[in-house]
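Here this note's numbering is used: the first residue of the sequence shown is 621, the next is one more, and so on.
Some clues are possibly wrong.
Cut-off 20 Å, straight-line C-alpha distance, at most; resulting in silico cross-link-like pairs (SDA-like, lysine to any residue) [stated by the list, open to error]:
#1 696 with 707
#2 703 with 638
#3 703 with 714
#4 703 with 653
#5 718 with 706
#6 696 with 635
#7 703 with 691
#8 703 with 627
#9 718 with 708
#10 696 with 636
#11 696 with 627
#12 696 with 632
#13 703 with 625
#14 703 with 624
#15 696 with 634
#16 696 with 631
#17 667 with 655
#18 696 with 628
#19 667 with 654
#20 696 with 630
#21 703 with 715
#22 703 with 629
#23 667 with 653
#24 703 with 692
#25 703 with 713
#26 667 with 657
#27 703 with 626
#28 696 with 638
#29 667 with 651
#30 703 with 693
#31 696 with 637
#32 696 with 624
#33 696 with 684
Keep in mind that the hints were calculated from the coordinates and are not lab data. A quick note: this is a predicted structure, and the numbers were derived from the prediction, not measured.
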Amino acid sequence: MHADLAAIRSASRDISDAHTAITEEWRTLADSAEQLFGGTWRGYAAKSYTEPWGECRRGYQDILDSLQFLGESVAKAAESYSKQERANTEDIASVTVKLNL
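Can you build the whole structure from these sequences, using the hints too?
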């Protein structure tokens, strides 16, 4: 089995960067929406957006949580693979010494 450790770590960083970018964009959007819904917009039409906005916020949080979990999982996989590779290298070196190779 072969794994490109650099590519795995790069993927983890890319996921983390996506998480950060989405969070920043979301804050901008959420701030604008909260000002509109909680401030200047009144009446029945404003109230009709309360539930969809709540669903949107929950959906965003689900996506963000999933990205965070994915990024952490990929980083852990890279670390686990790296540790296993070091252990395998040490085991092979030990056997080589014992066999006088």
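Structure-based check of all given hints:
no., hint, in the structure
1, 696 with 707, "holds, 16 Å"
2, 703 with 638, "violated, 27 Å"
3, 703 with 714, "holds, 17 Å"
4, 703 with 653, "violated, 47 Å"
5, 718 with 706, "holds, 18 Å"
6, 696 with 635, "holds, 13 Å"
7, 703 with 691, "holds, 18 Å"
8, 703 with 627, "holds, 16 Å"
9, 718 with 708, "holds, 15 Å"
10, 696 with 636, "holds, 13 Å"
11, 696 with 627, "holds, 14 Å"
12, 696 with 632, "holds, 9 Å"
13, 703 with 625, "holds, 11 Å"
14, 703 with 624, "holds, 14 Å"
15, 696 with 634, "holds, 15 Å"
16, 696 with 631, "holds, 12 Å"
17, 667 with 655, "holds, 14 Å"
18, 696 with 628, "holds, 10 Å"
19, 667 with 654, "holds, 13 Å"
20, 696 with 630, "holds, 13 Å"
21, 703 with 715, "holds, 18 Å"
22, 703 with 629, "holds, 14 Å"
23, 667 with 653, "holds, 13 Å"
24, 703 with 692, "holds, 16 Å"
25, 703 with 713, "holds, 15 Å"
26, 667 with 657, "holds, 8 Å"
27, 703 with 626, "holds, 14 Å"
28, 696 with 638, "holds, 18 Å"
29, 667 with 651, "holds, 17 Å"
30, 703 with 693, "holds, 15 Å"
31, 696 with 637, "holds, 17 Å"
32, 696 with 624, "holds, 14 Å"
33, 696 with 684, "holds, 18 Å"
Consistency note: the structure conflicts with the earlier hints numbered 2 and 4.
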